[in-house]
Amino acid sequence: MIARFTSVVALVAMVSGPAPGHRAAGGTISGKVTYTGTPPKARPIDMSKEPSCVAQHATPVTTQDAVTGAGNSVDYVVVYISAGDEGAAAATDTVRYEQKGCQYIPHVAVMQVHQPLAVLNDDPTSHNIHPLAKVNAEWNKSQPKGAPPIHTAWDQPEFIAVKCNVHPWMHGYFVVLKTPHSSITDSTGAFKLEGLPAGKYTVTAWHERFGTQSQEVTIAGSETKTANFVLTARPY
Amino acid sequence: MGRLFAVVVTAIALVSVTLFALHTWWLPPDISTHGGRIDSQLNETMIVAGILFVAAQLALGVFVWRFGERGGTRATWPVRIFPGGATPMVVIATVLVGIEILVLTLVGSKVWASVYQSPPPPGALQIDVLAEQFAFYFRYAGADGKFGVIHPEKMSDADQNFFGLDPATDTTARDDIVVATLVVPANQPVALRLHAKDVNHSFYVREARIQQDFVPGMVIPLHFTATTPGRYELVCTQLCGLGHYNMRAYVEVKSPAEFGQWLKAQQPAF
Amino acid sequence: MFSVDHKVIGRQYLDLALVAVFTGMVLSWLMRFHLGWPDTPIPGLGKIAPGGAAGGVMTPEYYLALMTMHGTIMVFFVLTTAPFAGFGNFLLPIQVGAEDMAFPRINMMSFWVTLVAFLVLVAAFFVGDQPPLSGWTAYAPLSAVGKDAGPGQGWGQTLWAISIGIFCIAQLLGSLNFIATTLDLRTRGMSLARMPMATWAWFITAVIALVAFAVLMPACILLILDRVAGTSFFIPGGLVISDQLQPHTGGSPLLWQHLFWFFGHPEVYVAILPGFGIVSQILPVFARKPLLGPKVFIACLAAIAFLSYTVWGHHMFLSGMNPFSATLFSVPTLVITIPAAIVTLLWIGTIYGARLRFTSASLFALGFVSVFVSGGISGFFLAQPSTDIYLHGTYFVVAHFHFVMGVAAMFGIFAGTYFWFPKMFGRMMSETLGKWHFWLTFIGVYCIFMPMHYLGLAGNVRRYSAFTDDYLQPLIPLHRFITIAALVTGAAQLIFLYNLIRSRLRGPQAPDNPWEATTLEWSTSSPPPHDNFGGRRPVVTQGPNEYAVAGPGGRDYIMQAESR
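Protein chains in written order, with the working numbering: chain A, 1 to 236; chain B, 1001 to 1270; chain C, 2001 to 2564.
Calculated directly from the structure, the hints in this document are not laboratory data. Every residue, glycine too, gets a C-beta built ideally from N, C-alpha and C. A hint or two may mislead.
[Said to hold, decoys possible] Derived EDC-like pairs: lysine to aspartate or glutamate, alpha-carbon spacing no greater than 16 Å straight-line:
hint	chain 1	residue 1	chain 2	residue 2
1	A	K200	A	D186
2	A	K41	B	D1166
3	A	K41	B	D1159
4	A	K41	B	D1175
5	A	K145	C	D2129
6	A	K134	C	D2148
7	A	K145	C	D2039
[To be verified] Quick list of the computed label-pair ranges, beta carbon to beta carbon:
hint	chain 1	residue 1	chain 2	residue 2	range
8	A	R96	C	Q2244	23 to 31 Å
9	C	W2037	A	T232	53 to 61 Å
10	B	T1227	A	P157	57 to 65 Å
11	C	L2192	B	T1073	13 to 21 Å
12	C	I2484	B	W1026	22 to 30 Å
13	A	T92	B	V1219	46 to 54 Å
14	B	R1193	C	P2247	22 to 30 Å
15	B	A1265	C	P2041	45 to 53 Å
16	A	T92	C	Q2244	27 to 35 Å
17	B	Q1117	C	I2221	54 to 62 Å
18	C	P2247	A	G211	21 to 29 Å
19	A	A137	B	S1255	49 to 57 Å
20	A	S30	B	S1255	54 to 62 Å
Throw the hints in and build the complete structure from the sequences for me.
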């Protein structure tokens, strides 16, 4: 039982970044991200040029740049501490970014500066990974089928769009942050930042199409505070 | 050594020509209205070139066999000059090759002109083709019959706005249909406009006997008529970067009725 | 090392070409292996190129880089340097009876500049993210827009453009020297009509090269400016690469193609015309009879040289240029086959009635005729816009140009090497090894390049790093056959390399005129003294073609500096 629990924690840590040590104590900020306005339609992705990827999807795949749910919730919003936790311990575990069925899994990957990043190709075809970095050094490299993972890391905080030129519909993000405290909203728009020592924080929500919002939250001890964000959506 | 050379040259010539003649590896069947003339031009060239090839290799082989020294002893037969000297060579080459050139040019120019120097037939279906690293996208005008204006600054793969449309202000763009498979009706001419988004690409459909480069900064017209329903490959033949080998799309030729149904079932781009 | 002696410079050019040709060959081995077995790791490659071939399986961009480097190295640093600059430098002054080139210092400079160009190109393997991958034709805007367009478009492509620009300078210097030497330094009695065929070929090649490289050099400068100085000669406005709108406007991609092919097509003749000359000089020696129609031959060379400037558009039938001009460019392209056919018939006619001797040199000269015919014939298909619609961009083109300018020119180089090695180094090469080398190479090149015609007819597109689609996969067995043939034929070149090295060190002493030839280089010692003729300039009384005649001492030939 304990072993199983540990592995679940490790898995969560792998996906969301912060090391297990951080959630032992401290305060929590949780909340929900919603939108006002009209979001763009989720559009079907036409993968017909790559039959090996078409075969991996039973139902048509749609775009992930503006995924919304019931109650105007917004998926794939990165909520993180943008000020107030300077000096927090850095995460050292490896962030995995997979190419599967000609999609990026996860669509948005959050990592810390210098945190190890592994890019994997699970497809029976060749991809090229092209992070369109502006602050960091841009790179562009093919990963043939069966090729070993590409191990890398980023030097500067940046929101980096990732694309595959071989499959132009493939689109994702590397979100490189200074903080170990971050969370990605789920399909209900919910997020949770845990293990925060007492202090005054700026919490920022970032979405690739709906923009950025910040608010200040003060944590006194082992309490849970709520911070909700309402982003503005436009149809085009 | 001379006999060996003659045998090897002859064998090479005969094996090569046989594999051409047997069509062991050959063009896929033509599915276009103009392709038959390209094929017959190719066949005619193949016959003439084959004859010239075999004749030249055999002449080389025969002369080397006949006039080569044997067994390490110095030849003592009298040296002879080719009858007539260089003149027959000049005459043969000029007349034979000259006539061939004349015929090929006269016939070939017509074939070329029918595709590349004539406007598309009236009533041709207009389709926009966009080539980018490393995919093709196709645009049909949609219900209003009008194409939205292309704005390079709006082009975004991330937004699936491959053609750079501006649906916020350009109402003609909203119903444009953008797909990744080129679907065309059989026996109806299609007129393509080729747009390159980034670098040079090329439009090559083997079965339709059609090829044309995309050039950035130019919109290049191209028209053809497919005859046989089926699924064919469109591939890029102009080196465009790392994914060049995987830059393709499929061409689906459908009966006019099926094509109409397909077009109706398509969602507008926005 | 820094010698101004044209003989030393000629040998330096040939040594450079030897290094380059084996480099290019190894690159082609790697490519061919990958095409036959795309998922099989190549042992050791992962260590040599961890970025390009992690685990030994090369990435598509690394394949294209190998292809680009193979083409660039072979065309510029082998097919231009060896038959033209290498043999031409060593032999042209001797054949006209001169002590050296007209401008020995410029001549020395042209070699060292060529070497710098080669080093700059090879540096692209080690500098930046990746070697260039735009092909030897470096079509803009792919080659011009910089790193947004993908790997290899950073430092690699810039170094490529710099290297070729430098190379052009070297060739311009070399060509001027060839022309001046031929026109001004001929010895007494060496009228133009008495010049050996090889000298004629090098002279006419120099004229072609002078105009061709004079166009490529500014084109490279413009390309470099587009890449590093933000100009837009070859880049139009409104380009979006990887979702990045490019800050360029107003350029023309077709301008690069026109400039490149205005150089590029004459360059084909720069590679092959020296081979014409070498073969036309070697065949009569071993046929023991004069070349059929030497004046016709020279006229054909001149006609080819002129026509070579009128045909460049045949590379661009489908490029988007005005389709009317395709017909216009097609006609001279087909017409140029007339002088080429005449020359071929002259060679075959020369063999008629001969007492043909079989040496490594004569076998390669005969092989040259065979492969040149094979390569030339396929030109008929590509010269016509109508058939080019289908065959453009396929392996048919690869087969065509490899036969006609690659293999044929290499056969000219091999023939020249076996023929002149005794004169260059004073030692004979092994004929046994030479003949093995010939047979394996001759059969091998047909096994490699003839099937590429079939691939092209089947619609196999070139410059693909793998054949992943359903249509091309059935052709992979034929690719494997070609790969095996390429590996074997490549290995046969090691026989040549061994023969070169061994003969240079301990080959038997060469007499002054081992082949009983007539031209002036055979009148001097092997190797020739520093001033070529030991202080006395030869006086020419004969043409180069005096075979099957009653010569002095019962010989069947009269040397050019002998009196009858």
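Here is what the structure says about each hint:
{"no.": "1", "hint": "A:K200 <-> A:D186", "in the structure": "violated (26 Å)"}
{"no.": "2", "hint": "A:K41 <-> B:D1166", "in the structure": "holds (15 Å)"}
{"no.": "3", "hint": "A:K41 <-> B:D1159", "in the structure": "holds (11 Å)"}
{"no.": "4", "hint": "A:K41 <-> B:D1175", "in the structure": "holds (14 Å)"}
{"no.": "5", "hint": "A:K145 <-> C:D2129", "in the structure": "violated (21 Å)"}
{"no.": "6", "hint": "A:K134 <-> C:D2148", "in the structure": "holds (11 Å)"}
{"no.": "7", "hint": "A:K145 <-> C:D2039", "in the structure": "holds (8 Å)"}
{"no.": "8", "hint": "A:R96 <-> C:Q2244: 23 to 31 Å", "in the structure": "holds (27 Å)"}
{"no.": "9", "hint": "C:W2037 <-> A:T232: 53 to 61 Å", "in the structure": "holds (55 Å)"}
{"no.": "10", "hint": "B:T1227 <-> A:P157: 57 to 65 Å", "in the structure": "holds (58 Å)"}
{"no.": "11", "hint": "C:L2192 <-> B:T1073: 13 to 21 Å", "in the structure": "violated (39 Å)"}
{"no.": "12", "hint": "C:I2484 <-> B:W1026: 22 to 30 Å", "in the structure": "holds (23 Å)"}
{"no.": "13", "hint": "A:T92 <-> B:V1219: 46 to 54 Å", "in the structure": "holds (53 Å)"}
{"no.": "14", "hint": "B:R1193 <-> C:P2247: 22 to 30 Å", "in the structure": "holds (26 Å)"}
{"no.": "15", "hint": "B:A1265 <-> C:P2041: 45 to 53 Å", "in the structure": "holds (46 Å)"}
{"no.": "16", "hint": "A:T92 <-> C:Q2244: 27 to 35 Å", "in the structure": "holds (33 Å)"}
{"no.": "17", "hint": "B:Q1117 <-> C:I2221: 54 to 62 Å", "in the structure": "violated (36 Å)"}
{"no.": "18", "hint": "C:P2247 <-> A:G211: 21 to 29 Å", "in the structure": "holds (26 Å)"}
{"no.": "19", "hint": "A:A137 <-> B:S1255: 49 to 57 Å", "in the structure": "holds (53 Å)"}
{"no.": "20", "hint": "A:S30 <-> B:S1255: 54 to 62 Å", "in the structure": "holds (58 Å)"}
Violated hints, in rising order: 1, 5, 11 and 17; the structure is consistent with all others.
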